[in-house]
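Could you build all of it, start to finish, from the sequences and the hints given here?
Residue numbers (the working numbering), protein chains in the order written: chain H, 109 to 317; chain E, 110 to 239.
Simulated from the structure, these hints should not be mistaken for lab results.
Incorrect hints may have been included.
[Claimed, not checked] Distance condition first, Cα-Cα at most 25 Å in a straight line; then the derived DSS-like pairs of lysine-lysine:
{"hint": "1", "chain 1": "E", "residue 1": "K167", "chain 2": "H", "residue 2": "K180"}
{"hint": "2", "chain 1": "H", "residue 1": "K155", "chain 2": "H", "residue 2": "K216"}
{"hint": "3", "chain 1": "H", "residue 1": "K216", "chain 2": "E", "residue 2": "K192"}
{"hint": "4", "chain 1": "E", "residue 1": "K226", "chain 2": "H", "residue 2": "K180"}
{"hint": "5", "chain 1": "E", "residue 1": "K134", "chain 2": "H", "residue 2": "K231"}
{"hint": "6", "chain 1": "E", "residue 1": "K159", "chain 2": "H", "residue 2": "K306"}
{"hint": "7", "chain 1": "E", "residue 1": "K121", "chain 2": "H", "residue 2": "K216"}
{"hint": "8", "chain 1": "H", "residue 1": "K231", "chain 2": "E", "residue 2": "K192"}
{"hint": "9", "chain 1": "E", "residue 1": "K159", "chain 2": "H", "residue 2": "K269"}
{"hint": "10", "chain 1": "E", "residue 1": "K121", "chain 2": "H", "residue 2": "K135"}
{"hint": "11", "chain 1": "E", "residue 1": "K226", "chain 2": "H", "residue 2": "K231"}
{"hint": "12", "chain 1": "H", "residue 1": "K155", "chain 2": "E", "residue 2": "K226"}
{"hint": "13", "chain 1": "H", "residue 1": "K180", "chain 2": "E", "residue 2": "K121"}
[Claimed, not checked] Derived CB-CB ranges, DEER-like:
{"hint": "14", "chain 1": "H", "residue 1": "P137", "chain 2": "E", "residue 2": "Q211", "range": "31 to 39 Å"}
{"hint": "15", "chain 1": "E", "residue 1": "I156", "chain 2": "H", "residue 2": "L218", "range": "26 to 34 Å"}
{"hint": "16", "chain 1": "H", "residue 1": "R192", "chain 2": "E", "residue 2": "K121", "range": "27 to 35 Å"}
{"hint": "17", "chain 1": "H", "residue 1": "G265", "chain 2": "E", "residue 2": "K168", "range": "30 to 38 Å"}
[To be verified] Part of the chain E face toward chain H, derived, beta carbon under 7 Å:
{"hint": "18", "residue": "L126"}
{"hint": "19", "residue": "S138"}
{"hint": "20", "residue": "D169"}
{"hint": "21", "residue": "L201"}
{"hint": "22", "residue": "P202"}
{"hint": "23", "residue": "V203"}
{"hint": "24", "residue": "T207"}
{"hint": "25", "residue": "K212"}
{"hint": "26", "residue": "E215"}
{"hint": "27", "residue": "L218"}
{"hint": "28", "residue": "L221"}
{"hint": "29", "residue": "L224"}
Heads up, the beta-carbon is just placed ideally off N, CA and C, and yes, glycines get one too.
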Amino acid sequence: MLDPKRFKAPYIQRDAIWANAEAVRRKYPRAQRIPVDVVALAEFDLKLPIEVEIGLRDQCSVEAFLLRDFTKLRLDRDAFMDERRQARLRFSVAHELGHFFLHSGIFKGLAFASVDEWVNFIKLVPDKEYGWIEFQAYEFAGRLLVPPTELSKQLKGAVKKAEAAGFTDWDKSGEAAIAYIAAGICEAFEVSDAVISKRIRSEGLWPPR
Amino acid sequence: MFGEFVRNIRIKNEIGLRQFCLDHKHDPSNWSKIERGELPPPSDDAILGKWALQLGIKKDSKDWYTFFDLAAVSKGELPTYVKSNAELLRELPVFFRTLSGQKPNEMELRRLAKLLKGTTKPKNARSKKI
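Listed below in structure tokens is the structure:
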């Protein structure tokens, strides 16, 4: 059994994470259309069955996870059906696809003899290492849902409108301007404005030139 | 067998689980249990016929008869609602998408194991018709 305290997250450069997301986009036409229908991508293209469970979020604070052998994706029922939470649901699915594409080998061969052993394993994996794995899945999800070329196009349009209304001081505008711009373009990608703000910065598109 | 067939038909016809449940007013967690064999199919042929049509199966087609045959076989099987320990231990996840972005705590992990095993009735479970 792998000693969880010694677990090290794999080092995957951001460029490699992005390349993975772009490889998925190239392979599946569904991922080339905006907004990217990641749920259909999982169900129909990747043949990754989606299963729904009541109480995951309310009782366990968990909205989604992959079964350990990566053969099925389990989602919280309320998160799955609530129309107001579809942006978050889509990101959750994309996030799990990040694990699917990036992390399938990490715990390969791992077996637990009891629930106690599983609980202890999860508890003892260092938070910092777990955080790295999560970061990688977030980065994959963001890149898959928000392709940079389309983001750049949408951003230019939003900036043009703001400048036409008299706003030009992007460098000194702080968080308010990026939040305003993100709120204006997040609908096109069906993600939250927070995801768009992160993507704009991560892709090096801020401040607008 | 029945559940797997139903899922395969739905996927083949590119009907997403969410849209299918919205269109036909199925509870997605119950439908999901049907698809993974944790709930048996209904014994009423009229309901089965309705389901077959909802899945896009043409009446009197080969799939139509397979659907009814598998339903008949599955009716006699014990539903696998409560998993064996071995099955549960194979499924327990290592990555989680959580509300906080942090790992679930010990209490949440133990609740999750119980939910997956099928020995806990979720607090917010509503008895809905499938």
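Outcome of the hint check:
no.	hint	verdict
1	E/K167 / H/K180	violated (28 Å)
2	H/K155 / H/K216	holds (20 Å)
3	H/K216 / E/K192	holds (22 Å)
4	E/K226 / H/K180	holds (16 Å)
5	E/K134 / H/K231	violated (39 Å)
6	E/K159 / H/K306	violated (46 Å)
7	E/K121 / H/K216	violated (30 Å)
8	H/K231 / E/K192	holds (24 Å)
9	E/K159 / H/K269	violated (52 Å)
10	E/K121 / H/K135	holds (19 Å)
11	E/K226 / H/K231	holds (20 Å)
12	H/K155 / E/K226	holds (24 Å)
13	H/K180 / E/K121	holds (17 Å)
14	H/P137 / E/Q211: 31 to 39 Å	holds (36 Å)
15	E/I156 / H/L218: 26 to 34 Å	violated (42 Å)
16	H/R192 / E/K121: 27 to 35 Å	holds (31 Å)
17	H/G265 / E/K168: 30 to 38 Å	violated (50 Å)
18	L126	holds (5 Å)
19	S138	holds (5 Å)
20	D169	violated (27 Å)
21	L201	holds (5 Å)
22	P202	holds (4 Å)
23	V203	holds (5 Å)
24	T207	holds (5 Å)
25	K212	holds (6 Å)
26	E215	holds (6 Å)
27	L218	holds (5 Å)
28	L221	holds (4 Å)
29	L224	holds (6 Å)
Hints 1, 5, 6, 7, 9, 15, 17, 20, counting from the list given before, are not met by this structure.
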